[in-house]
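Colleague: Given chain X, work out where chain A should sit, using these hints.
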Amino acid sequence: MNKHKYLWYVGLITALIISFVITSAIGSAGISAWTAVAIILSKLPLLGNVIEPSWASMTETIIWQVRVPRNLTAMLVGSGLAVAGASFQGLLRNPLADPYILGISSGAAVGAALALTLTGVFGSIVFGVAPAAFVGAMLAIFLVYNLAKLGNRVAVETLILAGVVVGSFMTAVLSLLLIRMYSNLHQVVFWLMGSLGKGGWEGLTWSALIMLLAIVGLCLLARPLNLMAMGDTVAQGLGVSTEKLKRIILVLASLVTALAVSIAGTIGFVGLVVPHIVRLLIGPDHRALLPLSAFAGAIFLLWADTMARVILAPSEIPVGVVTAFIGAPFFGYLLRRRKPI
Amino acid sequence: MQNNKAIIRIDNITCNYGDKHDNKQILESLSLDIQAGEAIGIIGPNGSGKSTLLKAIAAQLPLASGNIYIEEQPLHAWKPKQLAKQLAFVPQDNHMTFSYTAWQIVMMGRYPHLSFLESEGEKDYEIVRASMEITNTWELRNRDIQALSGGERQRVVLARALTQMPKILLLDEPITALDVQHQVEILNIIKELSEQQQVTVVCVLHDLNLAARYCERLALIHNRTIHALGSPQQVLTKEHIANVYNCNPFVMTNPLTGMPEVTVLSKTDFSKTEN
Chain X
2 MNKHKYLWYV
12 GLITALIISF
22 VITSAIGSAG
32 ISAWTAVAII
42 LSKLPLLGNV
52 IEPSWASMTE
62 TIIWQVRVPR
72 NLTAMLVGSG
82 LAVAGASFQG
92 LLRNPLADPY
102 ILGISSGAAV
112 GAALALTLTG
122 VFGSIVFGVA
132 PAAFVGAMLA
142 IFLVYNLAKL
152 GNRVAVETLI
162 LAGVVVGSFM
172 TAVLSLLLIR
182 MYSNLHQVVF
192 WLMGSLGKGG
202 WEGLTWSALI
212 MLLAIVGLCL
222 LARPLNLMAM
232 GDTVAQGLGV
242 STEKLKRIIL
252 VLASLVTALA
262 VSIAGTIGFV
272 GLVVPHIVRL
282 LIGPDHRALL
292 PLSAFAGAIF
302 LLWADTMARV
312 ILAPSEIPVG
322 VVTAFIGAPF
332 FGYLLRRRKP
342 I
Chain A
3 MQNNKAIIRI
13 DNITCNYGDK
23 HDNKQILESL
33 SLDIQAGEAI
43 GIIGPNGSGK
53 STLLKAIAAQ
63 LPLASGNIYI
73 EEQPLHAWKP
83 KQLAKQLAFV
93 PQDNHMTFSY
103 TAWQIVMMGR
113 YPHLSFLESE
123 GEKDYEIVRA
133 SMEITNTWEL
143 RNRDIQALSG
153 GERQRVVLAR
163 ALTQMPKILL
173 LDEPITALDV
183 QHQVEILNII
193 KELSEQQQVT
203 VVCVLHDLNL
213 AARYCERLAL
223 IHNRTIHALG
233 SPQQVLTKEH
243 IANVYNCNPF
253 VMTNPLTGMP
263 EVTVLSKTDF
273 SKTEN
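If you read the sequences in order, they're chains X and A. Take the first sequence: its letters are residues 2 to 342, numbered as in the working numbering. Take the second sequence: its letters are residues 3 to 277, numbered as in the working numbering.
In isolation and in its complexed conformation, chain X is listed as follows (with noise of 0.2 Å):
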């Protein structure tokens, strides 16, 4: 059963690689593979005396500049949305749950979104942005767990139900937000759609380090996480202090949605999409499933962000958009399949 596992790690990862290639030279500059390949492996520490550049400065500009930074960018926050929704999945006990869907990344919009009408500059990520957009999560997160709560019990429907609630009142006040932005309307519409066209390596910064320390960390808490999805009273019968890693969690996973938003806008679905296409191959124990739900939504992540690329191009659609079109009719055939998940 072990060996099963490394395959699928060695599978997942060498599909990373494919994908962050292939996915580097899709574009209407026409690129091939292997110049790519080429350039990339150019700006490695000890091969980049070894190879002989052969292609003009602009593709190096094109890959190196552009698509590099953004597909690390989309690998990133493909991870960390996949490995969020498969956290709070697990901790809530509930398989539909999502950052998107509970109204979390709404939250964290929202947060972002007051932080640039108060700076009133919408640039690079400014630092006030992620802190803001994480205390807009922390506080759908607190909004929703309350309203779904019956006693001790958080009933599946409830939970969604209390998502749509939040996260119609976020969207709301966010609308309410964007009316202050004339200058650059168009602009932060799109950004909030999802996108990941910003940024270059200017984004890629201490605010992708901490969530990938987040993702790191919510990895690490799979094996409490498991017992918690046994419910509170078992996980504490069996010695966790239930409270305490409940804080933890979603604390984590707060914050790795808030950095999501604020790097990418809100991108609906992969929490859902990908932590359940994990769990129907290698089953639900959460030390495989987080790893393993991280790696495939960087790839989910990188495919969806090339389609919104090149469908309409030259113009470019956001991501959230592409995941939506994806996304939504994968709730609904979730929400419509009585066979337990």
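By construction, these hints were calculated from the structure, which means they are not laboratory data. Keep in mind the model is a prediction, meaning the values are calculated, not measured. Just so you know, even glycine gets a beta-carbon here, dropped at the ideal spot from N, CA and C. Mixed in with the good hints there might be a few duds.
[Unchecked claim] Using 20 Å as the maximum straight-line C-alpha spacing, the simulated SDA-like pairs for lysine to any residue come out as follows: (1) X/Lys6 - A/Arg145; (2) A/Lys87 - X/Ser242; (3) X/Lys245 - A/Trp80; (4) A/Lys87 - A/His229; (5) X/Lys199 - X/Ala26; (6) A/Lys81 - X/Thr234; (7) X/Lys245 - A/Leu63; (8) A/Lys83 - X/Gly232; (9) A/Lys83 - A/Leu119; (10) X/Lys245 - A/Pro64; (11) X/Lys6 - A/Pro64; (12) A/Lys87 - X/Gly232; (13) X/Lys150 - A/Gln62; (14) A/Lys81 - X/Lys199; (15) X/Lys199 - X/Ser316; (16) X/Lys247 - A/Thr99; (17) X/Lys245 - A/Gln62; (18) X/Lys6 - A/Leu63; (19) X/Lys245 - A/Leu116; (20) X/Lys6 - A/Lys87.
[Said to hold, decoys possible] Beyond 10 Å from chain X on every Cβ pair, some chain A residues (computed): (21) Gly49; (22) Glu74; (23) Gly260.
Modeller: Below, chain A without anything else, positioned relative to chain X:
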């Protein structure tokens, strides 16, 4: 009343249940000593507080007053993981959300014995296998827990409790939803554990006759406290049952088990025997 050998000492506890709007007193000034290695059954009518007592022992309910001592140490002074090595709790409701395999569920019982990032070793695998063999679930190890029948799932959850290697096993109506043959199967496993491995068993039971057959001692809960305590013969008397269950019982000795057997009659049944 205080006994130094008691593995569980319940000292004058009062328990309230519910929230601030609907606050009910469930247990009041209840004291009970449970000896190491004994099998004690908690019986009583619906809503008498049987399950509440068990939850209180499992540290899942705050006590309004009084104290519970496990191995002479007050419950709140135990660290969660240390307590989980002392006592295992088998809840009544075993709803499962995800498709873990039976083996994965049982392995979760090793959690209190493993440090934060320690992975399971040979010893843990052996303990899981032994627990699953005792409970007759080893054949189910690769099956999806959600696809198992109620009785099979109950046995898997019991196996998980055993892998905790507890000194005390708390069971909340472990057989209520089961067929008769599965009821006896589960109770036999529990009885063997108590007799052969000196595990202390505290078991909430609905069925008075099964309680009499499988428990050395019974505690009858009524009006928020212990109404009667002692051997099945001492507790299951016509008088106690008539008072507590507000019914018309007929008590005889089962010729096979030698234990009291209760038959409840309604007021109109067999009016001749009544007189």
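Colleague: Flag every earlier hint the structure violates by its number, smallest first.
Modeller: Those not satisfied are hints 4, 11, 14, 18 and 20.
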